[in-house]
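There are 2 protein chains.
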Amino acid sequence: MTLPVRLRCVLCEQDRPATVDAHVCPEHEGLAGILDVVVDNPRRGTGDDPLDRYRSHLPLPATPRVLPTGYLTRTPLLPAPRLATLLGVGELLIKDESRNPTGSLKDRSSALAVELAVYGGYTDIACASTGNAASSLAGACAVAGLTARIFVPVGTPVGKLAQLAAFGAQVMLVRGSYDDAYYLCEDAARAFGWYDRNCAVNPYLMEGKKTCGLELADQLGDARADWVSVAVGDGCTVAAIGKGLAEGGHGDTRLLAVQPAGAAPIVDAWVRNSEEITAIEAHTVADSVSVGRPRNAVKALRTVRASGGAFRAVDDADIEAAARLLGRIAGFFAEPGAAAGIAAIQGARAEGLIGPHDRVVHVVTGSGLKTTARTATPFPEIEATLDAVRAVVDA
Amino acid sequence: MTLPVRLRCVLCEQDRPATVDAHVCPEHEGLAGILDVVVDNPRRGTGDDPLDRYRSHLPLPATPRVLPTGYLTRTPLLPAPRLATLLGVGELLIKDESRNPTGSLKDRSSALAVELAVYGGYTDIACASTGNAASSLAGACAVAGLTARIFVPVGTPVGKLAQLAAFGAQVMLVRGSYDDAYYLCEDAARAFGWYDRNCAVNPYLMEGKKTCGLELADQLGDARADWVSVAVGDGCTVAAIGKGLAEGGHGDTRLLAVQPAGAAPIVDAWVRNSEEITAIEAHTVADSVSVGRPRNAVKALRTVRASGGAFRAVDDADIEAAARLLGRIAGFFAEPGAAAGIAAIQGARAEGLIGPHDRVVHVVTGSGLKTTARTATPFPEIEATLDAVRAVVDA
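Just so you know, the protein sequences line up as chains A and B, in that order. Mapped onto UniProt numbering, the consecutive letters of the first sequence carry residue numbers 1 to 395. Mapped onto UniProt numbering, the consecutive letters of the second sequence carry residue numbers 1 to 395.
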């Protein structure tokens with residue numbers, strides 16, 4: 001069962017057959033031979049569901065869809081003029097991926113995983129995740145009647161676990177890091193015959209995220225963005241958005257790729273001007289991009305370089321301040337990772353990389369509602385009297 | 001400053017001037033003289049933003065919009081065939097209001113509140129809420145640069161409070177019930193000159209929610225629904241959805257109005273075939289509809305009766321079971337109140353009120369992500385070995 005796309009190895013540049021369960025290129029050791037999907041002559045469709053609208057850009061079979069049209073929708077691109085002023089940029093637009101069905105950009109690739117798994121005859125899909133990929137897979141599996149097998153590290157936020165419980169996924173809390181969960185999931189998928197939803201090893205999944213970039217290009221049209229900022233964990237998302245922008249004719253939009261300072265191995269390679277990653281132990285409040293051993297660093301580095309963009313690291317304190325700005329000044333409730341790009345825009349503006357008249361897009365990749373357990377809400381308790389209200393108002 | 005609509009008192013049926021801060025009809029005591037907005041010759045617009053598409057149905061001034069187009073979007077109407085089979089109905093469609101910007105249907109009226117407050121020259125908006133109206137108001141105020149003054153009862157879920165904190169609202173946790181918070185908020189709005197976003201006393205706010213019914217009518221088109229089920233607290237939402245369906249030409253769709261058994265004063269009046277409400281002390285897991293002294297019961301009762309529909313009460317245990325079904329069989333993570341309608345559909349099907357071939361729409365009014373703190377997530381912790389995975393899979 002092959003798909004109507006080509007698969008090309010990023011190392012040896014050979015084409016490989018586009019079978020449903022194609023993984024990395026067999027010519028190289030381990031995960032090195034990442035396969036890239038190439039589409040020939042895509043033509044834009046219509047409607048708001050990205051799997052329909054961008055069908056000819058995607059590795060989708062010609063069979064009927066499993067997920068109903070409208071499960072994914074076009075997410076809004078909204079101006080944030082007060083935050084633009086505060087950051088000192090010409091224009092700031094927020095691509096709000098928290099409007100996806102389970103509240104994150106990952107829904108775009110999970111939807112694709114479900115379509116491909118059913119086409120391949122699978123009943124189970126496996127995924128290792130810092131949280132968002134897991135909950136999005138669990139949601140799409142519940143719609144389609146498939147079993148989601150989820151591997152998350154101990155310490156994943158309760159909001160993401162609650163989603164997994166609500167969607168009836170089988171979840172294993174792995175004693176270890178995201179990286180430990182990742183390799184265990186890979187092994188288990190092979191051992192038990194589950195479809196593998198891991199973006200790095202599954203060449204098709206990144207194509208789902210690509211629709212975010214395609215949508216952005218459509219929404220911007222002639223009002224092209226100078227910069228798109230987005231947080232980076234494994235590297236798949238930034239590579240996918242860059243690919244989508246390019247396929248949408250906006251390949252010259254510069255990518256500002258952001259990692260938390262405590263989980264910045266790709267930034268480290270960028271600074272060394274290398275494609276060799278030194279794995280680290282990740283520590284950051286931005287759980288959704290807390291990855292010490294990224295699996296798609298090469299694609300991320302090449303995509304950002306090709307765009308004329310840059311990698312930057314930002315401190316946790318700056319990430320938390322950025323999340324507060326996004327909420328209070330712009331009305332977006334972003335999880336910490338989804339706010340990191342705002343901190344990076346501040347830094348890039350200060351160093352002159354981003355100019356005072358630039359049009360900047362920031363992608364809010366996931367909802368802050370998933371990380372509320374760690375939020376302090378120090379509101380005053382009052383008696384039900386007007387005097388008590390007055391005391392608070394006058395304070 | 002008047003708006004391009006008429007205001008008619010539901011009791012004396014007199015027209016009142018449509019000023020921005022019109023409240024109840026002065027001819028009657030207390031809140032009795034609820035005012036209803038009447039629009040003359042509305043014409044459907046285009047696009048997906050309900051404030052644009054349904055502008056001529058709404059009490060909006062002719063001034064430029066405050067919130068950007070796309071802040072509100074059309075929410076999806078999605079089939080749930082496996083849940084339909086389980087419930088024994090012909091077709092089940094879910095209107096997913098958790099896709100709104102802050103995760104609930106209340107965003108539709110909060111957006112209207114912000115537009116009207118700015119038109120009226122207000123800088124502050126006040127709201128009493130069980131949670132969703134508050135967080136939606138706080139979000140829209142953050143976009144518009146207004147101050148949200150929020151009154152919630154002690155015990156409001158942490159997810160909703162976290163949203164309020166993120167959006168920088170001024171929040172007062174009132175020692176008392178939602179009803180206590182409600183009356184305090186009304187008094188405070190008057191005393192401090194804040195715009196009043198409370199749906200019952202502000203005749204315009206319900207019109208925001210009405211766009212959910214208008215959208216439903218548009219999305220259904222000729223495939224008309226036999227029933228629309230929705231949970232009821234104050235009564236505004238069901239009245240608004242019914243009004244929207246009627247303005248969309250679907251006034252014969254029957255409304256299944258649902259209250260939790262521990263917060264069912266309107267159901268009680270319905271059973272007595274009366275418009276007199278006996279206030280109770282509300283106790284239910286469905287915090288978003290935990291209202292003991294509903295303020296729009298008359299509109300709700302009349303709308304449901306005019307639709308040929310019915311009121312029903314459902315137990316908390318059935319609500320929690322319905323939420324699990326919605327998550328596991330259909331892939332929607334609903335807060336408990338947003339699942340109550342599924343329990344009511346089960347009951348109405350059992351008593352033969354809903355037929356085996358009926359097309360039923362259920363409105364998921366708010367996201368389960370806001371109530372995750374009370375969710376238990378009893379997943380197994382495992383070592384990162386394949387044997388440990390096998391033990392879980394085989395268990």
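Keep in mind that a hint or two might mislead.
[What the hints assert, rightly or not] From chain A, some residues computed to sit far from chain B (all C-beta separations above 12 Å): (1) HIS23; (2) GLU27; (3) ASN41; (4) ASP48; (5) THR69; (6) ASP96; (7) VAL171; (8) ASP226; (9) GLY251; (10) THR278; (11) ALA279; (12) ALA310; (13) ALA323; (14) GLY352; (15) LYS370; (16) THR385.
[Claimed, not checked] Calculated from the model, a selection of chain B residues having no Cβ within reach of chain A, i.e. all distances over 12 Å: (17) GLU29; (18) ALA162; (19) ALA330; (20) ALA350; (21) VAL392.
[To be verified] Each pair of labels, with its calculated beta carbon distance range: (22) CYS12/B with GLU320/A: 22 to 32 Å; (23) ALA32/B with GLY90/A: 47 to 57 Å; (24) PRO378/A with GLY45/B: 18 to 28 Å.
Just so you know, the hints here were simulated from the structure itself, not pulled from any lab data. Owing to the predicted nature of the structure, the values given are computational and were not obtained by experimental measurement. From the three backbone atoms N, C-alpha and C, an ideal C-beta is built for every residue, glycine too.
Here is what the structure says about each hint:
1. Every CB of chain B is more than 12 Å from the CB of HIS23/A (nearest about 18 Å), matching its label as outside the interface.
2. Here GLU27/A stays apart from chain B, with its beta-carbon at least about 27 Å from theirs, past the 12 Å limit.
3. The non-interface label for ASN41/A is consistent with chain B: the shortest C-beta to C-beta separation is roughly 29 Å, beyond 12 Å.
4. With a least CB separation of 7 Å from chain B, ASP48/A falls inside the 12 Å interface cut-off, contrary to its annotation.
5. The non-interface label for THR69/A is inconsistent with chain B: the shortest C-beta to C-beta separation is roughly 9 Å, within 12 Å.
6. The claim that ASP96/A is not at the interface with chain B is violated, since a C-beta of that chain comes within 12 Å of its own (minimum 8 Å).
7. Listed as a non-interface residue, VAL171/A fails to keep its Cβ farther than 12 Å from every Cβ of chain B; the least gap is roughly 4 Å.
8. With a least CB separation of 20 Å from chain B, ASP226/A remains clear of the 12 Å interface cut-off, as annotated.
9. No Cβ of chain B approaches the Cβ of GLY251/A within 12 Å, the least distance being about 25 Å, so the stated non-interface status holds.
10. In this structure THR278/A is separated from chain B by more than 12 Å, as the shortest Cβ-Cβ distance comes to about 22 Å.
11. Non-interface call for ALA279/A relative to chain B: holds, since the shortest CB-CB distance, roughly 16 Å, exceeds 12 Å.
12. Every CB of chain B is more than 12 Å from the CB of ALA310/A (nearest about 29 Å), matching its label as outside the interface.
13. Remark: the non-interface label on ALA323/A conflicts with the geometry, its nearest Cβ contact in chain B lying 7 Å away (cut-off 12 Å).
14. Non-interface call for GLY352/A relative to chain B: holds, since the shortest CB-CB distance, roughly 29 Å, exceeds 12 Å.
15. The beta carbon of LYS370/A sits about 6 Å from the closest Cβ of chain B, which is not more than 12 Å, so the claim that it is off the interface is violated.
16. Against chain B, the non-interface label of THR385/A is violated: not every CB pair exceeds 12 Å, the least being about 7 Å.
17. The non-interface label for GLU29/B is consistent with chain A: the shortest C-beta to C-beta separation is roughly 21 Å, beyond 12 Å.
18. In this structure ALA162/B is not separated from chain A by more than 12 Å, as the shortest Cβ-Cβ distance comes to only about 4 Å.
19. With a minimum CB-CB distance of about 7 Å to chain A, ALA330/B fails to clear the 12 Å threshold, and the non-interface call is violated.
20. The Cβ of ALA350/B lies farther than 12 Å from every Cβ of chain A, with a closest approach of about 24 Å, so its non-interface assignment holds.
21. With a closest Cβ-Cβ approach of about 6 Å to chain A, VAL392/B is found to fall inside the 12 Å limit, against its non-interface label.
22. Roughly 55 Å separates the CB atoms of CYS12/B and GLU320/A, a value that falls outside the hinted 22 to 32 Å.
23. Separation of ALA32/B from GLY90/A is about 53 Å and conforms to the stated range, judged on CB atoms against 47 to 57 Å.
24. Between PRO378/A and GLY45/B the CB atoms are about 43 Å apart, so this pair departs from the stated range of 18 to 28 Å.
The structure does not agree with the numbered hints 4, 5, 6, 7, 13, 15, 16, 18, 19, 21, 22 and 24 stated previously, though it agrees with the rest.
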